[in-house]
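Engineer: Please arrange chains B, C and D on chain A, whose structure you already have, making use of the hints.
Protein chains in written order, with this note's numbering: chain A, 1 to 319; chain B, 1 to 319; chain C, 1 to 319; chain D, 1 to 319.
Incorrect hints may have been included.
Said to hold, decoys possible - In silico SDA-like cross-links for lysine to any residue, where the CA-CA straight-line distance does not exceed 20 angstroms:
#, chain 1, residue 1, chain 2, residue 2
1, B, 147, B, 188
2, D, 147, C, 259
3, D, 147, B, 141
4, D, 147, B, 268
5, A, 147, C, 146
6, C, 147, A, 141
7, A, 147, D, 114
8, A, 147, B, 169
9, A, 147, C, 114
10, A, 147, B, 173
11, D, 147, C, 263
12, D, 147, B, 143
13, A, 147, B, 141
14, D, 147, D, 118
15, B, 147, D, 26
16, D, 147, C, 145
17, B, 147, D, 141
18, C, 147, A, 62
19, A, 147, B, 181
20, D, 66, D, 26
21, C, 147, D, 173
22, B, 147, C, 114
23, D, 147, B, 146
24, C, 147, D, 141
25, C, 147, A, 264
26, B, 147, D, 114
27, B, 147, D, 143
No lab work stands behind these hints: they were computed from the structure.
4 protein chains.
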Amino acid sequence: MSLPTPLRGVVPPVCTPLTSDQEVDVPSLRALVEHLVAGGVHGLFALGSTSEVVYLTDRMRELALKTVVEAAAGRVPVLAGVIDTTTYRVQEHIRAAADCGADALVATAPFYTRTHPLEIARHFRALRQTADLPLFAYDIPVSVHSKLPAALLRELAEDGTLAGVKDSSGDEGGLRRLLVELGGHEGRASGPLAGFSLLTGAELTVDAALLAGVDGVVPGLGNVDPAGYVRLYDAARAGDWGRAVEEQERLVDLFGMVDVGPEGEMGRSSSALGSFKAALNLLGVIECGATVQPQIPLSAESVARVADRLRAAGLTPVR
Amino acid sequence: MSLPTPLRGVVPPVCTPLTSDQEVDVPSLRALVEHLVAGGVHGLFALGSTSEVVYLTDRMRELALKTVVEAAAGRVPVLAGVIDTTTYRVQEHIRAAADCGADALVATAPFYTRTHPLEIARHFRALRQTADLPLFAYDIPVSVHSKLPAALLRELAEDGTLAGVKDSSGDEGGLRRLLVELGGHEGRASGPLAGFSLLTGAELTVDAALLAGVDGVVPGLGNVDPAGYVRLYDAARAGDWGRAVEEQERLVDLFGMVDVGPEGEMGRSSSALGSFKAALNLLGVIECGATVQPQIPLSAESVARVADRLRAAGLTPVR
Amino acid sequence: MSLPTPLRGVVPPVCTPLTSDQEVDVPSLRALVEHLVAGGVHGLFALGSTSEVVYLTDRMRELALKTVVEAAAGRVPVLAGVIDTTTYRVQEHIRAAADCGADALVATAPFYTRTHPLEIARHFRALRQTADLPLFAYDIPVSVHSKLPAALLRELAEDGTLAGVKDSSGDEGGLRRLLVELGGHEGRASGPLAGFSLLTGAELTVDAALLAGVDGVVPGLGNVDPAGYVRLYDAARAGDWGRAVEEQERLVDLFGMVDVGPEGEMGRSSSALGSFKAALNLLGVIECGATVQPQIPLSAESVARVADRLRAAGLTPVR
Amino acid sequence: MSLPTPLRGVVPPVCTPLTSDQEVDVPSLRALVEHLVAGGVHGLFALGSTSEVVYLTDRMRELALKTVVEAAAGRVPVLAGVIDTTTYRVQEHIRAAADCGADALVATAPFYTRTHPLEIARHFRALRQTADLPLFAYDIPVSVHSKLPAALLRELAEDGTLAGVKDSSGDEGGLRRLLVELGGHEGRASGPLAGFSLLTGAELTVDAALLAGVDGVVPGLGNVDPAGYVRLYDAARAGDWGRAVEEQERLVDLFGMVDVGPEGEMGRSSSALGSFKAALNLLGVIECGATVQPQIPLSAESVARVADRLRAAGLTPVR
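The following block holds chain A by itself, in its conformation from the complex:
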């Protein structure tokens, strides 16, 4: 399907459920897509960081993406992460994603190597030539250890290389400057970059980001409570900011689940992604809460704390 311009709304990065023997759990992934679509989301971001994309082999990536595309069945667009270190490797993922039927692509700057804005520009331009699909820049310094400069994003928006940006930089001030440079609330709606899409990954401040004028949000926690994020988005679009804040606060509290893994005994990915998957398992959406090797599984005690968080947020575990 063709992508709305701009892409708007709630576009969760879809978790990749595993079987207990570390294979992609296709039926659970289908069920998760149903859970998200039923929640009212506006798009799906497969193979993002929350999908554990960098933990998956190429084969597993393709299986996961194909499953999401088939399960979505054209009801909502599917963005595919094509995350890898540099241009040629990303281009291979682009070709695979196009073959799987993705509706758009999401790529980061080069990582592992020491790069430069001029090289990042060459990188995105080469990626754009690889397939006739809208390309989103994924700004995630915590993972790639460089920040996409606003001037670069603007240049690549203006020349048509980029269809949008997914901002997970945490730099809300920088994002706001970009929004205003692109015309602000007024100008963006009608100007030459009216179709350019600004999505935030900052799932704890979605109300604030929507107030500032972003088009949508890509919340990892949206796997667990898609309907909550959709209510938040709808309230904001309707200008009911009190309702938006109330919903956001409930979700911030729910987000506390990411800390259930005892600090010092596992990495942040293990704890956060483990908690999302545990929640999906507790809610009966997926069959197994396992994360990909070498992440450390949550203990039963940690899972019990996830259940507490669910209940506190009005979500009812079924296991």
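Structural biologist: Relative to chain A, chains B, C and D alone:
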């Protein structure tokens, strides 16, 4: 005067104008205070980072603080930065600030040295014992290179060590979690920590921060356009979010002045603080736009770009 | 061939020459291997960072590795980099490397994701089970953004997971502590970890590292002047420290080539790897100095400066 | 006394002993100076990071410096740290240090603020004009969070601003490049910068640094075992590298005392500086092992581990 609990509103960090021979320009500083009070601000933060506090000798600090306190003349409370590397040095600044008549104190975690949350707690507790004045924690990792943990802030709020926090961490998600932990919009208004004050230094996203529930803002750019920030604050308090966003967008555009110093030819302080002072000089508030040594002065061309920004934002240079 | 325990000497990371249309240049790579073996090196590290491993597709990686193994023809052992984000992806590279005939493997900690020492341990243990080949840990925080803790390295050395470590952390003090913990000069020669190999990537301080007791060096610049590094190594082994320092100083001066790319116009990889390849081209070893996309090519002026550096170090360009 | 050019040898940063009520312990500091001079050191660095300089008030700094100068009594030169955030504040410390009789000054780049090489150059030039004393640049990125660029150091050496540099950057490769640019072993001995002094703070790799050509070392651990560092220095100067390495390995093992403070329960300063002071107390040199507030004191168990380290290194506790 005694500090409102919580402290709310616009509390700009007051620039420290200099004469052309690098002395504190007392008449200009008095004029700046008038400019701010006339703009409707709710408090003044003397000796903050924007005040170039770490560039000033102790004598210059005291002269600046005394001038601000006298000029404020009880119309608005004056918070005093007591910024130094570790406990004993900060305590000396506290005594000086109390002697100057400051209404509250603002202190960072230890810096230069490698510290630890348990040591930061000891630090703030020792500071609190030094003078009978409300103490704010100043969370500014870009300068002190550690982040105040939310759990620590909460502990120090609950035991009465801290009266509030000035958050310049840029971690809006973390700040939101703290806000929700402290009770959210509802709970904070009535709970045991109702008097605890959360101020943000994020001057580009004040509308968003107020929506999220912070009590006030400490905008460096508020030196240049205090009335604009007060309008923004008032609109937000009145629930007129459309008006708040509009004002914020104008201020974001005005903020572009911080980039007038050519990149690669000076540090970010020289450029940003130089632009604020140049603007105050162009607006006729202060006599000279000099920053403190060893910062590099703005060129005439850079100052001309500051004037352009002022005009675009509806502020009229008089020089 | 089986790897010496410990592996000692000069083990350069082999550049991956490209044709002008960005394909692996097999004849040039064979010529480069001859150049290195003729220079007296003690091993070859294919698919390292200097080999632009993260820029190459899997197909290009295998072609490069196979070429190096065949060209080495058992004269020196070949270590293969198996660099990727996490366990399952690295395991695929391990299987490919084993099929290509590599004599040992070199792997980093997980990257892109936020990891933890306990997860890194699981990672290396899983890698060790994948193929019956000696495994080296590659400690390169500038790329993977975490540092391998000394206690972890020691644990993985003692339980047989690791055959050695390639230290590119730049933390010479930490490396020295590890060396002393492993027994120091005396103890390492005879103790239970006598076969554990400590290799440094610090090509500018090889004399110092050998004095401290490392077993060998993995110098990127060794592509350009392998014989120079072998003379340095031999002098150090013979205790002729004056000669070792003299050779090292000549190589430090030669290393200045990495700065020929104008700062601000390309990344450090483009400049450093571009200069090595330009030098190999100038010396007549490889046919083309191209680096992999999206790196920026050196200008003719920059290449001329590489030639100057070669002449100053007593190496004669033939083009 | 006038400073040797270049300054060579072992120049420990002198710990600042405290009484149990947190005052400078003058008799203990005098005893420590005797301990160091008796150990054969070639100079004393008062008010360095190891001296807890940023924890001391101006009054305590002056008392400590005056005590060291008087106790040294012209037997060895005394360098004085003049550590503060920016130019004017450092200049005040310079005047105080000159009044106390310091023989040379040691200053860092500006910190807390975001600075720039051009500003750092202005800073050092202004400092040099403040007193007629040799000025050393102190390169310590772990504390000031910027690195002094080699090109800047060279420029400030050539124009006479700097008499030397104390390198605590840990960037041994960068230091080696600077050494070679300054002429290497041969050129430095006779060239125009023959009097410029390169001192390393890297106390675990002194043998290696001396082999590379540095003039001297500033070892924090030198407080505990000055004679050991002097033996190491003498062996290196005599070309007896085997003996130098042996001594260095013993000192590396002794250095393990810095880890006695349980990780996670205190900062690295508390643990490292606490262990040095505990060792000096155990050896009978100083009366009390206290560190300055808000550092956390070592437990009795930690102190017992310091004693173990001393005994293992052949030093005998007397308490």
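Engineer: Decide, hint by hint, whether the structure agrees.
Structural biologist: Do the hints match the structure? See the list:
no.: 1; hint: B:147 / B:188; result: 23 angstroms, violated
no.: 2; hint: D:147 / C:259; result: 18 angstroms, holds
no.: 3; hint: D:147 / B:141; result: 18 angstroms, holds
no.: 4; hint: D:147 / B:268; result: 16 angstroms, holds
no.: 5; hint: A:147 / C:146; result: 18 angstroms, holds
no.: 6; hint: C:147 / A:141; result: 18 angstroms, holds
no.: 7; hint: A:147 / D:114; result: 18 angstroms, holds
no.: 8; hint: A:147 / B:169; result: 17 angstroms, holds
no.: 9; hint: A:147 / C:114; result: 17 angstroms, holds
no.: 10; hint: A:147 / B:173; result: 18 angstroms, holds
no.: 11; hint: D:147 / C:263; result: 17 angstroms, holds
no.: 12; hint: D:147 / B:143; result: 15 angstroms, holds
no.: 13; hint: A:147 / B:141; result: 18 angstroms, holds
no.: 14; hint: D:147 / D:118; result: 13 angstroms, holds
no.: 15; hint: B:147 / D:26; result: 36 angstroms, violated
no.: 16; hint: D:147 / C:145; result: 19 angstroms, holds
no.: 17; hint: B:147 / D:141; result: 18 angstroms, holds
no.: 18; hint: C:147 / A:62; result: 32 angstroms, violated
no.: 19; hint: A:147 / B:181; result: 30 angstroms, violated
no.: 20; hint: D:66 / D:26; result: 10 angstroms, holds
no.: 21; hint: C:147 / D:173; result: 18 angstroms, holds
no.: 22; hint: B:147 / C:114; result: 18 angstroms, holds
no.: 23; hint: D:147 / B:146; result: 18 angstroms, holds
no.: 24; hint: C:147 / D:141; result: 18 angstroms, holds
no.: 25; hint: C:147 / A:264; result: 16 angstroms, holds
no.: 26; hint: B:147 / D:114; result: 17 angstroms, holds
no.: 27; hint: B:147 / D:143; result: 15 angstroms, holds
In the structure shown, a violation is registered for the earlier hints numbered 1, 15, 18 and 19, in ascending order.
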